[in-house]
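Residue numbers (our numbering), protein chains in the order written: chain H, 1 to 93; chain A, 1 to 93; chain L, 1 to 93; chain G, 1 to 93.
By construction, these hints were calculated from the structure, which means they are not laboratory data. It should be emphasised that the depicted structure is a prediction, and the values quoted were computed from it without experimental measurement. One or more of the hints may lead you astray.
[Unchecked claim] In silico negatives: residues of chain G with every beta carbon more than 12 Å from chain A:
{"hint": "1", "residue": "MET1"}
{"hint": "2", "residue": "ASP7"}
{"hint": "3", "residue": "ARG27"}
{"hint": "4", "residue": "ASN31"}
{"hint": "5", "residue": "ASP32"}
{"hint": "6", "residue": "ILE36"}
{"hint": "7", "residue": "GLN41"}
{"hint": "8", "residue": "ASP77"}
[Said to hold, decoys possible] Below, simulated BS3-like cross-link-like pairs (lysine-lysine); rule was C-alpha separation at most 27 Å, straight line:
{"hint": "9", "chain 1": "L", "residue 1": "LYS62", "chain 2": "H", "residue 2": "LYS62"}
{"hint": "10", "chain 1": "A", "residue 1": "LYS62", "chain 2": "G", "residue 2": "LYS13"}
{"hint": "11", "chain 1": "H", "residue 1": "LYS8", "chain 2": "H", "residue 2": "LYS62"}
{"hint": "12", "chain 1": "H", "residue 1": "LYS13", "chain 2": "A", "residue 2": "LYS13"}
{"hint": "13", "chain 1": "G", "residue 1": "LYS62", "chain 2": "G", "residue 2": "LYS8"}
{"hint": "14", "chain 1": "L", "residue 1": "LYS62", "chain 2": "L", "residue 2": "LYS8"}
{"hint": "15", "chain 1": "A", "residue 1": "LYS8", "chain 2": "A", "residue 2": "LYS62"}
{"hint": "16", "chain 1": "G", "residue 1": "LYS13", "chain 2": "G", "residue 2": "LYS62"}
{"hint": "17", "chain 1": "A", "residue 1": "LYS13", "chain 2": "A", "residue 2": "LYS62"}
{"hint": "18", "chain 1": "H", "residue 1": "LYS13", "chain 2": "H", "residue 2": "LYS62"}
{"hint": "19", "chain 1": "G", "residue 1": "LYS13", "chain 2": "L", "residue 2": "LYS13"}
{"hint": "20", "chain 1": "L", "residue 1": "LYS62", "chain 2": "L", "residue 2": "LYS13"}
[As the list claims (entries may be wrong)] Chain A regions said to be covered by chain H (calculated; three or more residues, Cβ under 8 Å):
{"hint": "21", "stretch": "28 to 42"}
{"hint": "22", "stretch": "78 to 89"}
Glycine included, C-beta positions come from ideal geometry on N, C-alpha and C.
Protein chains: 4
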Amino acid sequence: MRGYTQDKEEYLKRLRRVEGQVRGLARMVENDEYCIDVLTQVSAVTRGLQAVSLGLLDEHLKHCVAEAVSEGGEDADAKIQEASEAIARLVRS
Amino acid sequence: MRGYTQDKEEYLKRLRRVEGQVRGLARMVENDEYCIDVLTQVSAVTRGLQAVSLGLLDEHLKHCVAEAVSEGGEDADAKIQEASEAIARLVRS
Amino acid sequence: MRGYTQDKEEYLKRLRRVEGQVRGLARMVENDEYCIDVLTQVSAVTRGLQAVSLGLLDEHLKHCVAEAVSEGGEDADAKIQEASEAIARLVRS
Amino acid sequence: MRGYTQDKEEYLKRLRRVEGQVRGLARMVENDEYCIDVLTQVSAVTRGLQAVSLGLLDEHLKHCVAEAVSEGGEDADAKIQEASEAIARLVRS
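Input sequences plus hints: build the corresponding full structure.
As structure tokens, then:
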């Protein structure tokens, strides 16, 4: 069980939509559509991915990190450190 | 013809890779893989999309915008304004 | 006491450096320095601010959120929700 | 003369505001204000800097890059390449 498992179907639905949007980008490029229109669509796909990341992170904090902290000990510090590093990657990507 | 048309195959190849990575994300979620590992993969997909955007934008400036500027007139200003707005969307997504 | 209080001097030092960098940007603009050089410096200031944010967030998770989670109850959920919203603002800024 | 020179006062005003906001951040840290409130203010400062960057970039494209392109030759390609690299730094910071 993961923090996100209870919402798995929702994440799978979003990821299928992102996958479809990426295929749509390829069609736009295939059809020589105007660069700015392709760029606008890429920004939309990026925002879709961002929403998936922020959702997963929220559930990770609420379940995996919270459980480790409740149990205390070194695992708790490691879990928070790991979450902070994932947040840094998100902020910098 | 678009600014990116000459490199179309390269962009299609990258987009197919991104599409495969998004499918890979869905498999990770399907298999209840660890949240942080899924998040790390999402950051990789985001960077892949970013590279596609920056490439398309560079080619747009070098071809579409440069041609409009060389011809001069209102279309040139409009093209640059449009490019600036696309850049703002990229920076803010 | 806050999560960051123990490292307050370090954060104050970094913020003074950012403040000095912003003053430096104004001097560059005052002296009509080349746009790209000013832009390069703005990116450096942004990264400095980002490091401050990520540090503060890490300490907030390690202290304020961890304490609330250890004590349990509604405050814990509220603290995590609040942290997730701050992370979302960071990712989207 | 730079692309932004005609709007220099506006940029100096914005940079002074950002400088004041950074000083305000230091006061918040000095006074042990709540981490989330400090983080919220950092996001506001980052957006202020982003607006400065996007404005400078827009003016750079409209003046410096457009002039180089109108004159044609190698300098035009170099100017666009330089702008693309500055955009990449912005997107990635």
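Q: Check each numbered hint against the structure and report the violated ones by number, ascending.
A: 8 and 10
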